[in-house]
Amino acid sequence: MSVQLPLSSVATAAGTPPPSARRRRRPGRHHALSGWAYAAPTALFVLVLFVLPVLLVGQMSASDWPLLSGNQGVNFPDNFRDAVDNRFFWDSVVFTIKYTVIATVLLIGLGLGLALLVQESTHWKSFLRTAVLVPSALGLASASLLFYALYSPQVGPISPFLERLGIVDGPVSFLGSPDGALWSTVFLVVWRFAGFYMLLLMVGLQGIPHEVYEAARMDGASRWQTFSRVTLPLLRPSLALCTILCVTGSLLAFDQFYILTKGGPDNSTITVVQLIYNVAFQGQNDLGVAAALSIIVLGALVLINIAQIRGMRAPEEK
Amino acid sequence: MTLAPNAPSASGAPDSSSSGTGTPTAPPAVRRRAPAPRARIAGIATRTPFWVLTTGLALVFLFPLIWAGVASFSPQAGSNQVDGWGFGNYVTLANYQAGIAQYLWNSTVVSGLTVLFTLVVSTLGGYAFARFRFPGRNLLFLLTLAILMVPYATLLIPLYVLLNEIGLQNSLLGLSLVLAMFQLPFATFMMRISFESVPRELDEAALVDGCSSFGALRRVLLPAVKPGLITVGLFAFLTAWNDFVAPLILITDSDKAPLPLAVANMRQQVMGIVDYGATEAGVVVLAVPCVVLFLVLQRHYVRGFMSGALKG
Chain L
1 MSVQLPLSSV ATAAGTPPPS ARRRRRPGRH HALSGWAYAA PTALFVLVLF
51 VLPVLLVGQM SASDWPLLSG NQGVNFPDNF RDAVDNRFFW DSVVFTIKYT
101 VIATVLLIGL GLGLALLVQE STHWKSFLRT AVLVPSALGL ASASLLFYAL
151 YSPQVGPISP FLERLGIVDG PVSFLGSPDG ALWSTVFLVV WRFAGFYMLL
201 LMVGLQGIPH EVYEAARMDG ASRWQTFSRV TLPLLRPSLA LCTILCVTGS
251 LLAFDQFYIL TKGGPDNSTI TVVQLIYNVA FQGQNDLGVA AALSIIVLGA
301 LVLINIAQIR GMRAPEEK
Chain D
1 MTLAPNAPSA SGAPDSSSSG TGTPTAPPAV RRRAPAPRAR IAGIATRTPF
51 WVLTTGLALV FLFPLIWAGV ASFSPQAGSN QVDGWGFGNY VTLANYQAGI
101 AQYLWNSTVV SGLTVLFTLV VSTLGGYAFA RFRFPGRNLL FLLTLAILMV
151 PYATLLIPLY VLLNEIGLQN SLLGLSLVLA MFQLPFATFM MRISFESVPR
201 ELDEAALVDG CSSFGALRRV LLPAVKPGLI TVGLFAFLTA WNDFVAPLIL
251 ITDSDKAPLP LAVANMRQQV MGIVDYGATE AGVVVLAVPC VVLFLVLQRH
301 YVRGFMSGAL KG
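The listed protein sequences derive, respectively, from chains L and D. The letter at position 100 of the first sequence is residue 100 when you use full-length UniProt numbering, and the numbering goes up by one with no holes. The letter at position 148 of the second sequence is residue 148 when you use full-length UniProt numbering, and the numbering goes up by one with no holes.
Derived from the structure by calculation, the hints contain no laboratory data. Treat the hints with care, since some could be wrong.
Straight-line alpha carbon distances no greater than 20 Å define the calculated SDA-like cross-link-like pairs of lysine to any residue that follow [as the list claims (entries may be wrong)]:
| no. | chain 1 | residue 1 | chain 2 | residue 2 |
| --- | --- | --- | --- | --- |
| 1 | L | Lys125 | D | Pro49 |
| 2 | L | Lys125 | D | Leu297 |
| 3 | L | Lys125 | D | Leu59 |
| 4 | L | Lys125 | D | Leu295 |
| 5 | L | Lys262 | L | Gly109 |
| 6 | L | Lys262 | D | Val52 |
| 7 | L | Lys125 | D | Leu62 |
| 8 | L | Lys262 | D | Leu295 |
| 9 | L | Lys125 | D | Gln298 |
| 10 | L | Lys125 | D | Thr55 |
| 11 | L | Lys262 | L | Val94 |
| 12 | L | Lys125 | D | Pro199 |
| 13 | L | Lys98 | L | Leu303 |
| 14 | L | Lys262 | D | Tyr152 |
| 15 | D | Lys226 | D | Ala130 |
| 16 | L | Lys98 | L | Ala215 |
| 17 | L | Lys125 | D | Leu53 |
| 18 | L | Lys125 | D | Val52 |
| 19 | L | Lys125 | L | Gly109 |
| 20 | L | Lys125 | D | Ile249 |
| 21 | L | Lys262 | D | Arg267 |
| 22 | L | Lys98 | L | Gln308 |
| 23 | L | Lys125 | D | Arg267 |
| 24 | L | Lys125 | D | Thr54 |
| 25 | L | Lys262 | L | Asp91 |
| 26 | L | Lys125 | D | Ser254 |
| 27 | D | Lys226 | D | Pro199 |
| 28 | L | Lys125 | D | Lys226 |
| 29 | L | Lys125 | D | Gly56 |
| 30 | L | Lys262 | L | Val134 |
| 31 | L | Lys262 | L | Val186 |
| 32 | L | Lys125 | D | Trp51 |
Interface residues of chain D toward chain L, partial, derived using beta-carbon atoms under 10 Å [said to hold, decoys possible]:
| no. | residue |
| --- | --- |
| 33 | Leu62 |
| 34 | Trp105 |
| 35 | Ser122 |
| 36 | Tyr152 |
| 37 | Pro158 |
| 38 | Leu229 |
| 39 | Asn242 |
| 40 | Val283 |
Beta carbons are placed, not taken as given, at the ideal position from N, Cα and C, and that holds for glycine.
Kindly produce the complete structure, drawing on both the sequences and the hints.
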């Protein structure tokens with residue numbers, strides 16, 4: 001999932017026509033035909049594997065659709081009622097939001113700090129940059145498995161280390177309590193994704209022209225003033241992109257919780273996507289209700305992203 | 001990366017100020033060397049927090065990886081490597097169910113096919129979007145980007161049903177097609193801007209010389225968009241190699257599981273007792289190709305990524 005990057009940049013490119021379209025020399029009809037021929041594979045992929053499934057999930061959410069026996073006819077409002085009435089629905093919503101807020105604040109904060117720290121190209125700083133970026137090469141599932149062993153009371157090295165320092169008395173159970181499980185997972189996610197957000201924000205920092213800093217220095221701005229009055233406002237588009245990516249990614253968290261906590265202890269760490277998976281494939285085997293939950297998540301996500309884009313628009317654009 | 005406007009507090013200013021107070025008081029000849037060590041010590045003192053902080057950061061980010069590598073070879077109770085160092089955990093991994101060779105093969109097939117599909121579809125699509133005007137062009141492009149907006153799980157449940165309908169359930173081919181579809185927004189966008197950044201005169205000259213539009217693509221444009229192709233291919237490989245959720249839902253036969261799913265399953269298999277040694281060995285096998293690829297292609301990776309994001 002690390003690939004879902006250039007959301008905002010995308011919008012700008014979509015609207016702009018290719019620069020020299022007017023100088024095109026080939027006759028229109030032939031041109032359009034070859035254009036379609038080259039775009040046909042994309043169209044096929046998008047139609048069969050994206051548009052059709054989106055329509056299908058809509059139909060499924062309104063149908064009685066057990067995992068094994070397929071479509072059993074219309075079951076319209078009931079699926080949605082069952083979805084909301086699910087014992088873990090509100091718990092998972094609250095937990096997912098809590099996790100999202102924590103992960104986003106930490107990741108953006110740390111990413112910005114790291115980006116400011118490693119901008120220059122000295123040897124030590126490029127080493128640091130690489131060190132922070134290396135975890136991004138791992139898959140989220142691999143990273144979760146790695147931390148599963150790292151946190152384990154049997155073989156994990158952290159607990160003995162803390163004991164030797166005298167900070168704790170007995171073995172620490174990282175995943176044993178609800179709070180412990182949450183923060184342990186947050187640490188894993190920060191470890192895995194900090195480099196990615198650092199990179200995005202570094203790109204943003206490099207887009208700020210040097211003259212602006214010169215001007216701020218001439219005006220006698222302090223380092224803090226420069227940061228809060230110059231860097232932060234000019235970094236706004238990058239920060240907005242990072243926040244949207246991070247919020248969306250965290251709201252849809254699954255791998256890390258599935259592998260590290262399995263929703264436990266005491267069902268305290270079930271995320272919304274995990275609930276969908278459980279309803280569809282574990283126990284209930286009800287694809288209809290799972291589809292209804294998916295539609296609810298899709299709707300919520302669209303609303304949240306619209307709100308974010310509105311909220312983050314630069315003040316003068318409002 | 002040469003631009004360093006707001007350098008971290010510890011680096012520049014304190015050094016210059018301390019040497020600034022030192023130099024005027026020192027008469028040139030005799031005591032010239034005296035202030036220098038003092039300034040250097042002051043410099044080291046002010047820079048110490050910076051070194052401590054950054055060394056700590058580097059350790060935090062590197063330690064888990066190093067630990068997993070070391071621990072997979074080290075002796076551990078409850079694993080196949082009880083005393084002495086060795087490859088015991090890798091032997092467990094090699095003999096688990098269908099054998100690691102099978103899972104590695106599954107992962108290789110899935111990653112290879114995904115990279116192939118992604119490159120072919122996004123190259124042709126990017127070319128179409130960058131160089132041709134045809135009805136429905138903007139709609140198709142926006143629809144491709146809309147894949148990003150729909151949650152993974154929302155799509156995987158109907159895809160599970162759909163692949164069953166067309167006989168691609170539980171198949172590596174079906175899984176690769178789905179993974180390639182999830183790559184399309186990034187890949188198509190990347191290839192489109194790669195093609196658009198190539199001067200139009202280049203392929204127009206080829207067309208005038210009698211190339212077909214496909215000939216112009218193959219002979220002239222493909223070499224020019226190589227950085228974009230490498231970035232797209234690398235991302236597709238890393239995602240397919242590491243993906244966990246799609247195989248978890250779409251692959252039901254454990255012999256067809258790609259490596260991440262197999263390692264995660266292995267951990268749960270043994271009656272509540274987790275073989276951490278074998279899990280660590282599995283993580284190492286999963287991580288090594290990614291980390292090596294990342295380090296080898298790092299410069300490229302970062303540059304391709306930046307040229308895409310800079311337009312934002």
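Looking at the structure, which of the earlier hints fail to hold? Result: hints 5, 6, 8, 12, 16, 20, 23, 26, 28, 30, 34 and 38 break, sorted rising.
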